[in-house]
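Engineer: The lines below spell out each chain.
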Amino acid sequence: MELVVFSLLNGIVFGLLLFMMSAGLTLIFSMMGVLNFAHASFYMLGAYFAFQISQAVGFWPALVLAPLVVGVAGGLVERYGLRRVHKHGHVPELLFTFGLAFLIQEFVVLGWGRVGVPYRVPEILNFPLFTLFGTNFPAYRAFMVLISIGMFVALFAILTRTRVGLIVQASLTHPHIAATLGHNVPRVFMYVFAGGTALAGLAGVIGGNAFVTNPSMAALLGTIVFVVVIVGGLGSLTGAFIAAMVIGIVQTFSVALDVSVGSFFGLLGLDLSSNSIFYEYWTLTLTDIAPVTPYLLLVLILIFRPMGLMGKRET
Amino acid sequence: MTDRAAGSVRNIAWASYLRSYGLWVLAAVAIFALPHVFDSRANQSMFGQMGIFVVFALSYNMLLGQSGMLSFGHAVYFGFAGFISVHVMRIIESGFAFPVVLLPLFGAAAGLALGIIFGSFSTRRAGTVFAMISLGIAELVGALAFFIGFFGGEEGISGDRMSGPSLPGLSLGPQIQVYYVIAAWTLVAALLMYAITRTPLGRMANAVRDNPERAEFIGYNTQRVRFRMFALSGMFAGVAGALFAIQFEFLQFNNIGVAASGSVLLMTFIGGVGFFMGPILGAILVTFLELELVNVTQAWLLYFGLFFVLMVMFVPAGLAGLIMRHQPIWRAGILHKLAPAYGLALVPSLIFAVGAIGLIEIIYFTSTRAGLNTVMSVYTITFDAVKPLPWIIAGVVAAGGFVLCRLTFPTVRKVWDEVFLEAMAKLNR
Amino acid sequence: MSAKRLFIGAVAAAGVGLGAAAANANETIKIAYQEPLSGPFANIGTAGLSDFLFVAADINKRGGILGHDIEIVQFDNKLSGQEAIIQLQRAIDQGIRFLLQGQSSGIALALGDAITKNNARNPDNRILHLNYAAVAPALTNEKCSFWHFRFDANVDMKMAALTNYMKTQSDISKVYLINQNYSFGQAVEAAAKKMVPANMPNATIVGAELHPLARIQDFAPYVQKIKASGADTVITGNWGNDLTLLIKAANDAGLDVKWFTYYAGASGTPTAIGKAGVGKVFMITEWHQNVLESAELEEFVNRYEAEYGDEFLFYRSKNTLEMLKLAIEAAGSTDPVKVAFAFEGMKYESELGTVEMRAEDHQLFQKLYVSKWSDNVKYSQEVEGLGFETQGVIESADTRIGTVCKMERPS
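Quick note, the sequences are listed as chains A, B and C, same order. Its first residue numbered 1, the first sequence is counted upward by one per residue in this note's numbering. Its first residue numbered 1, the second sequence is counted upward by one per residue in this note's numbering. Its first residue numbered 1, the third sequence is counted upward by one per residue in this note's numbering.
Don't take every hint at face value.
[Stated by the list, open to error] Ranges of calculated distance between the beta carbons of each label pair, as one might list FRET restraints:
{"#": "1", "chain 1": "B", "residue 1": "148", "chain 2": "C", "residue 2": "168", "range": "51 to 57 Å"}
{"#": "2", "chain 1": "C", "residue 1": "390", "chain 2": "A", "residue 2": "122", "range": "33 to 39 Å"}
{"#": "3", "chain 1": "A", "residue 1": "128", "chain 2": "C", "residue 2": "375", "range": "18 to 24 Å"}
{"#": "4", "chain 1": "B", "residue 1": "38", "chain 2": "C", "residue 2": "375", "range": "55 to 61 Å"}
{"#": "5", "chain 1": "C", "residue 1": "193", "chain 2": "A", "residue 2": "4", "range": "26 to 32 Å"}
{"#": "6", "chain 1": "B", "residue 1": "292", "chain 2": "A", "residue 2": "160", "range": "50 to 56 Å"}
None of these hints come from the bench; they were simulated from the model. The beta carbon of each residue, even a glycine, is placed where N, CA and C say it ideally should be.
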């Protein structure tokens, strides 16, 4: 019971965080077709900017300002970099973001050094919210949950209830028609890219102090955001939300359960003695393979349902 | 026809032969001579590594350039074959009589087998689905390599290439011998891959890349074409992996994951995916930069990133594309007419580069320096980096170079266009 | 900077030719320092570099080695095995006979293998591996080599020291092990599973966990498991993000345990641990800022900090170079074989007592310190007012454990 409650709780928190990190990417990828390899780097930028701004004026202004700064940076990158590459196709775009990730990494090292910065949770949120079975649930985690749910609701409202959102929606599903209708698609692209990176920046603002803020934080996040986007399905924010929750919960449960591959086969009535040549594979526990489960999910989903969980179209 | 006319025809034939095949002769001489000219062992092993990555990048381009499949997991086949080869090397060490120079056969088999397995389900679709499956596989295999004994975990596994039967005079001890073995295999693999582009399969792959619907419509099974190209590409990646095993006698988890796959994608793209020789150029240049830049400057990652971003932005057809644009001009025999324009472009570019590099070095030094020492030297000029003067000088040089570039480049472009038109006119006559 | 030096290096290497011993009077003794010096893991490489540069400058001030100055030549291996092997070749090409390396046991093992092959294949271009930080037991056991010398205590020795200290603490009874799932983490776990029962009769291991290296963002599920086990103490070999995120998640969840670590003092970690870890985080090292037994050493460290504006981290860099100096002087040459034989069994009076290089496996034995992250310290580390405070001293003799090393020596 205790195990299930906590795993669920931790899984949901982690899933929401994943969603927050990948929401921007879903927009960018669905709309522009750009596999933004620098997305995690914008997340990192968000954390560093938030640290810098909160040094000067405190956490709350930073919560608003840092994502804006990241968004402006993202918009500039789109306007003066990506747009230029766009006409050559998706591979050059992707490689552009590849190179950009290097540059942002170096920018951070030059600006703040190779060792991390002490970006901390604001004192006002630094207390245990409640205690369950003797374990504290920090208030800051609740705050993170609120922010990411708020973000989901706001994005959803913008996309379905506003004019801009409708144009974006239209471009998501039918990019060419949107252009023929006279919308300035390049400008929409720029705003989408700016918005998407700003969301990554926001994730950085509240993830950077919950976890770590150092030059390797982007690498630590890795390619998991792609998994969320693809598994969720192209063009679907809801899909990304569900995918993030599934991945978060699956990963947490696989850590919590001490089940090995062999014991699973044991349940099926297969006896695998320890001198079998594949012994080491049977002793792999779920915990061992926890970090690769999202990728397993990715491959399986793409084989059996190439449009993802909630996707509206294939690429 | 008079004798003189025949003579001049022969001369023209010679000249055009030289224009068409001169490069190949030059390349052959370079392959043979380079490791003797730059004869330190580090250089020889760098040349060997270039050969390995030439094969790897060419095999990658069978997917990206020829069949339109973007893979983030090609190092899986390279790495798997490499690990198999090291394991075979260890078996050879314990008595299996097999010459190490033929290990790439094992590598090819391993790469092909894995390519068939993974290709069977991942090539059903092209586009993003294929790309993302390859990413997933690369992440899975890369992570598993960390804790499964076959891959030796973080330490990797190592063997000894000097074991087993050896051909006379080929002990594989000295680096130079390893280089020639790699060069020979590279040549064989490159020729085979070139031959494949000429087969019906190679042609069909292009058709499937350009217009899958039409290829399907006229009766080709696009999935089967992709699958075959994928499996073959895995096979050649396997050859490269085995060569890697011979050269380094060691493989590690990071030779098999996403990072290694990204690196071959960069090489291929920088070289140019549209041309057979593109990946060759890309592999050579990127390997050189990866190995050498780090010894020249601490800011190599920054330059590396800048280089890629600029290449993607301004030379999207890659080095080969850049070179091939000059081909008509070269064939028309008026390449020299570009020289003044290029000279005009070169000077401001150099000025800009000198200023920008100086500035980057100063910024890098001041923000990452160890300790309180503020004296550095760039271009053998020693100065105090926290004083404003060096910053101003470097900044002014960079800005000046930039302005000059903006001023001269339109002229250069104009000359280029004129020369190009002249060449086309000459060739079409 | 290095383009020029590389050029000079190449010229010098050409000039020296084959006989390293034939160096003339104003020739420097070059020592390669090969670590990741760029990219995301650069800080672990650059941290040690300035320490070695300072120690080398100190030795040069005293007249160098046999009248030659030491020159530290940097090589960046980007923490990749294949780059490490190429950079090794480059160092050998430049006529360098000594290699300082230690970050990552995986790299150390790959280099060890490459060095063994090189030294067998190219007897005129041999090189010695002076390992100041890679602590996998294998390096001085199954995979020991005549060409490798280790100046840090290995995983097993540190675990022996830790458990011998822990048994004196009456409030330790339930121990949890959490480590990174790769060679080093597995070695820590194996050592703890052996030594906790052997050395701490009153304690039991209530759980052991291996987690993926450098891939976990949120350690909350792991912390939950620790909590569920009822542990009062955690032993971990984690370093970098994996350590700071673990401790952070534990603090968030209100998990009140003692942390016995190997790398809490590594560059960047104290900053991340901060105030929240005071009194809870312990570490085992050969030295830390607040070992004040030798006024001479304290003065040396202060001099370093005045010059570099940063903290001195690796006391073993001093032992390494000072012992190399003695070995070269005893051998009368820089010939790697002679120097290696001179190292074997060498005793050296360091500021903190006698250290000894065991001939059998080339492992150095030295005093070890258990310290605690504390606000009651003379010298702070990274965070103003906080630093490590000695809790227990383990004499060099008590860190001696056996080895299975069977070394092949050149005749």
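Engineer: Run every hint past the structure and note whether it holds.
Structural biologist: The hints, checked one at a time:
{"no.": "1", "hint": "B:148 with C:168: 51 to 57 Å", "verdict": "violated, 40 Å"}
{"no.": "2", "hint": "C:390 with A:122: 33 to 39 Å", "verdict": "holds, 35 Å"}
{"no.": "3", "hint": "A:128 with C:375: 18 to 24 Å", "verdict": "holds, 23 Å"}
{"no.": "4", "hint": "B:38 with C:375: 55 to 61 Å", "verdict": "holds, 58 Å"}
{"no.": "5", "hint": "C:193 with A:4: 26 to 32 Å", "verdict": "holds, 29 Å"}
{"no.": "6", "hint": "B:292 with A:160: 50 to 56 Å", "verdict": "holds, 54 Å"}
Of the hints listed earlier, the one the structure fails to meet is number 1.
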